[in-house]
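A.B. asks: Each chain, written out:
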Amino acid sequence: MAAPYDLKDDSVVVIIGSGAGGGTLGNELAQKGIDVVILEAGARHEYEDFTNNEWDSFGQLAWVDKRTTSGDWRVAKDFPNLPAWIVKSVGGSTTHWAGASLRFQDHEFKALTHYGKVKGASLLDWPITLAELEPYYAKAEDKMGVTRTNGIAGLPGNNNFKVLKAGADKLGYKECHTGNMAINSAERDDRMSCQQTGFCFQGCKWGAKWSTLYTEIPKGEKTGKLEVRPNSMAQKIEHDKSGKVTGVLYTDKDGKQQLQKARIVAVAGNSIESPRLLLNSESSTFPNGLANSSGQVGRNYMRHTTGSVYGIFEKPVHMYRGTTMAGIIRDEARHDPSRGFVGGYEMETLSLGLPFMAAFLDPGGWGRSFTSALDQYVNMAGLWIVGEDMPQEDNRITLHKGEKDQYGLPIANVNFSDHKNDIAMRDHAYEQGKALYEAVGATRIFPTPPYPSTHNLGTNRMSENAKDGVVNKHGQSHDIKNLFVSDGSQFTTGGAENPTLTIVSLAIRQADYIAKEMAAKTI
Amino acid sequence: MVTIFNRKAAAPDTPEPIEKQGLSRRDLLKGGTVSLGAILVIGGSSIIHPQFAWGLETSNLKPETMATLIQLARDIYPHDHIPDRFYAIAVKPYDAKAGEDPKTKKMIEDGIADLDNRAGKGGYIGLGWEDDRLAILRKVEDTPFFQTVRGGLVTGLYNQEQIWPLFGYEGESYSKGGYIARGFGDIEWL
Chain A
0 MAAPYDLKDD
10 SVVVIIGSGA
20 GGGTLGNELA
30 QKGIDVVILE
40 AGARHEYEDF
50 TNNEWDSFGQ
60 LAWVDKRTTS
70 GDWRVAKDFP
80 NLPAWIVKSV
90 GGSTTHWAGA
100 SLRFQDHEFK
110 ALTHYGKVKG
120 ASLLDWPITL
130 AELEPYYAKA
140 EDKMGVTRTN
150 GIAGLPGNNN
160 FKVLKAGADK
170 LGYKECHTGN
180 MAINSAERDD
190 RMSCQQTGFC
200 FQGCKWGAKW
210 STLYTEIPKG
220 EKTGKLEVRP
230 NSMAQKIEHD
240 KSGKVTGVLY
250 TDKDGKQQLQ
260 KARIVAVAGN
270 SIESPRLLLN
280 SESSTFPNGL
290 ANSSGQVGRN
300 YMRHTTGSVY
310 GIFEKPVHMY
320 RGTTMAGIIR
330 DEARHDPSRG
340 FVGGYEMETL
350 SLGLPFMAAF
360 LDPGGWGRSF
370 TSALDQYVNM
380 AGLWIVGEDM
390 PQEDNRITLH
400 KGEKDQYGLP
410 IANVNFSDHK
420 NDIAMRDHAY
430 EQGKALYEAV
440 GATRIFPTPP
450 YPSTHNLGTN
460 RMSENAKDGV
470 VNKHGQSHDI
480 KNLFVSDGSQ
490 FTTGGAENPT
500 LTIVSLAIRQ
510 ADYIAKEMAA
520 KTI
Chain B
0 MVTIFNRKAA
10 APDTPEPIEK
20 QGLSRRDLLK
30 GGTVSLGAIL
40 VIGGSSIIHP
50 QFAWGLETSN
60 LKPETMATLI
70 QLARDIYPHD
80 HIPDRFYAIA
90 VKPYDAKAGE
100 DPKTKKMIED
110 GIADLDNRAG
120 KGGYIGLGWE
130 DDRLAILRKV
140 EDTPFFQTVR
150 GGLVTGLYNQ
160 EQIWPLFGYE
170 GESYSKGGYI
180 ARGFGDIEWL
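Each protein sequence line maps, in turn, to chains A and B.
So in numbering that gives the first Met the number 0, spot 140 of the first sequence is number 139, and the numbers just go up one at a time.
So in numbering that gives the first Met the number 0, spot 183 of the second sequence is number 182, and the numbers just go up one at a time.
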């Protein structure tokens, strides 16, 4: 039974957000006997409610509250009010993610040391190392059932993967396989195996893909120590005279404002909402927002250097059949400045259904150049580039000066411009993707621009020094001891890897730390 | 309200439930009709596709405007294997919107009038070659009118489930048990 907690109960840990960070932290704490309330802005849709229809699903799951954009990224022109494609629903973006679960590489935790000072970038080393995180990576992989770990078999390759693999072989790439996926290749953890349905982005109707929605959250609820409140949008974190946080002001499912008292608050609302909440929680004690003595809240917004390459072939591929992210090439993920940029990138298969292909292949495109591509939809194969982008101080989330949400709070503006390194990396990846598909006989190639961001990172970054970032190596804010950040916004740098596994690993580690500090009564 | 109607019993790929049995061609001819290009016949408040037996009624936009909108939709996203009725379905919501919002009505009517104006005698729809129509569209592609119509088509056209099979896209697969036994890895030409 889910535990209902009293609003005045100031012994609970309040977590804002129920995705990879918040959902995992909530369950981990509940398993240790700690009382937890999760405030989730979205509704609770169970997996049988998901739909195999791209736009309908977007309407069901996506976070579409208005945001504004600025900077030179193309998203600001094509999708000015949709900078990110993330989820507002119980389970957060773990309902929508593709399942790729990769560990960061050792050097990526020490980006400044390995890449050196890069002009215009605010690179920093993480205050933790791969060695420190390895035990937690192992726990996360076991929890999530990641293929090719813990003796779990890889998934079978679909057509899109087979095209990728054939191209990879032709180009001499060595590390190409069907990925480390948090998608069951056989029944595990009371969840069934992947049925190669496609529509991973629309929520897995089989529950074969790991999501906090049907793993961490019900497990936590079963302990009687976790209450998840859907349709509860956090607006402000309150604090006392000593500067400790004391509770969270939110709007409940009936539109009424409530104050949930708290012993500890953990923010896990993804890298746009988390800094927005901290900034909107300004007070006379903290006029620049909570945890922001460094001025770093909202800064260093990263989104991975992305892009897609689609190729058209003479014969059918049917790329949409089977898992959306069906395989990976890791050879380019290394740090090798001889390519003309620092850091590296992964190449992962990706497919979109016809409706989303029309929206994202070349946003704004029209005429026969565009439609003749869609006419060959069946003969298309596609891959997604995901690489390390440079943190930049002015790529940041700020509060909009004029526009407010339905509760009267300023909305977020997302400012982003590519760094020269990002552009060099993307161009390299486009060339490699083109070469790969041409090696298998592609007759036409589409270097497709980045979609609205799915990997939103870095806006409350971890740092050794309080002046360089927002939180310490446990995600605990430098300024306020009982305030934590538990999502991807704590990433110091982005690495080349899809972030979810690292978010989950950090959340498991953070739960250990919170429990220890609570027992020691330091928080 | 725009009504899309069809004179025949519903074919399996009929875009919408038949809301109204169509006017006969004779009814239309009696009312005095204009034939635009080779495709559409306009009479009263109706557009009739004589050959393929579907039609469309407008309430707020001029039927000529709607006919030109349909041609415009095809010129923006030309798929030669997609019949006109799908383009008609994609643009028909503008008629309802024009009824609710005078600004929309003005934007559409003015936008179409501008295309006709630029085309000269015979209007936009009278230009026989796609290239001649495209030359006009390239001059107006940054206008709110063009961008509204184009943006609306991205979902209005491509999110019609009935056209997906025409692109070979199979849509929903959960109810069929996914593709695990239906060819997810059946590629043979590699």
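Calculated directly from the structure, the hints in this document are not laboratory data.
Treat the numbers as computed from the prediction; the structure is a model and nothing was measured.
There may be inaccurate statements among the hints.
[Unchecked claim] As a list, the in silico DSBU-like pairs of lysine-lysine whose alpha-carbon atoms are at most 30 Å apart:
hint : chain 1 : residue 1 : chain 2 : residue 2
1    : B       : Lys102    : A       : Lys403
2    : A       : Lys76     : B       : Lys105
3    : B       : Lys61     : A       : Lys65
[As the list claims (entries may be wrong)] A short, non-exhaustive set of chain A residues, derived as facing chain B with CB atoms under 10 Å:
hint : residue
4    : Thr112
5    : Thr196
6    : Pro354
7    : Gly363
Glycine included, every Cβ here is placed at the ideal spot set by N, Cα and C.
A.B. asks: Tell me the hint numbers this structure goes against, listed in increasing order.
C.D. replies: Going through the list in order, the structure violates hints 3 and 4 and respects the others.
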